[in-house]
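Given the sequences, and given the hints that come with them, work out the whole structure.
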Amino acid sequence: MSDFDLDRLGELWRQDPEPAEVERLRRAAARVSRRARMAQLADTIGAIIVSASLVAVTTINHEPRTILIVTAALLLILFTFVRNRKLREAEIRMLSGTTEEMLDQSIERARTTRKRMRFNLVSVPVAIVIYSVLISLGRGTENSILRARLHLSEDMIFVGAIMLVLVAGLLTVGYARTFIRSRIELGWLERLRDAYRRERDESQ
Amino acid sequence: MTSDAKPGNRRAVASFEQVIAEHGPLISRIAMSYEADPALREDLMQQIFLAVWQALPRFRADSSLRTFIARIAQNRSISYVAKQVRQPPVAELDERIEADDPDPEQTAMEASDRRMLLEATRKLPLPQRQVIVLVLEGFDYSEIAEMLDIAPNALALRLSRAKATLKTLLERGR
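If you read the sequences in order, they're chains A and B. If you read the first sequence in my numbering, its first letter stands for residue -14, the second for the next number, and so on. If you read the second sequence in my numbering, its first letter stands for residue 124, the second for the next number, and so on.
Just so you know, the hints here were simulated from the structure itself, not pulled from any lab data. Note that the structure is a prediction, hence the values are computed from the model and not measured. Think of the CB as a built atom: it goes at the ideal place given N, C-alpha and C, for glycine as much as any other residue. No false leads were mixed into what you were given.
Only pairs whose alpha carbons sit at most 27 Å apart, straight line, appear in this in silico BS3-like list of lysine-lysine:
1) B:K206 / A:K100
2) B:K246 / B:K206
3) A:K71 / A:K100
4) B:K246 / B:K290
5) B:K206 / A:K71
6) B:K286 / B:K246
Computed footprint of chain B on chain A, listed as stretches where at least three residues anywhere in the stretch have a Cβ under 8 Å from a Cβ of chain B:
7) -11 to 3
8) 66 to 80
9) 168 to 181
Shown next, in the form of structure tokens:
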């Protein structure tokens, strides 16, 4: 590459791809669209089946409690559907907008993830402490809160505590990892946005 | 609708398959300028395809379809790179750019030049890389300024910096 000629570099860059490469792209795209269509269909069919089952339950059982639970479940399905649709639309707007807008939204999302992870990291040890207090209150006596409420034996409570600590440990590791990664991502996104702003500001 | 479709033309949008047949190589080159590892690039390409598939029904022909696709591909690539900085670095694999050409010497030289250009492009800072890739793709300056939502003088400044950096990188790579 002897000289710097942007037009020549452009021609080099845009060289026609191999027919095999074109075919590979076509197949990859067909696979993606097929999967996306299937996922859409599965979502719709799943929602219809669950809703129909819930309605069927109410026709069999007219109790006010059942009707209340079914109504709540249907509202939850509707809420999830609307929320997912809004999230998808926001994602599309973000991708088809300008890079700076996309970076702003990505930064916002990374900040939310960090806040959520920080909350989870605090709440898991707090939950363990609460559980330990509940176990230790009246332990070994008939007045134990857990024993009285859940009719559990001492052994079951002990195994439950071990399991809980294990799960909490795994969750904490997962949350800590996501927290650290989102901090790295956030730092990178903020630096990139600053770089874009600097480029823009310097030319004004 | 083809890439020469004019903005404002609200004819029926082409099917996803037609769009990929026409703009697939553009998407592939943009993905290539952001991800060197072929396996990860395949993942990025699929993410871009999915984004295009989802966004296509919302295309309102305010700009050309090619501009719309390039913008989605660039934005998806940048958000992909942001996600990648969270992961441990992956060893870069050797990239093979080959062409079935009757003149193997010429082909080898072109492949080598192309590889060098690609590697230099990947080393550019993202704001500069974005603008150079669009210029190399043959977009005119008004389209690029509109795509990046920047004033023509801001584009000129960014482009001149990008050219200078690219030139240095290419000379260093020689």
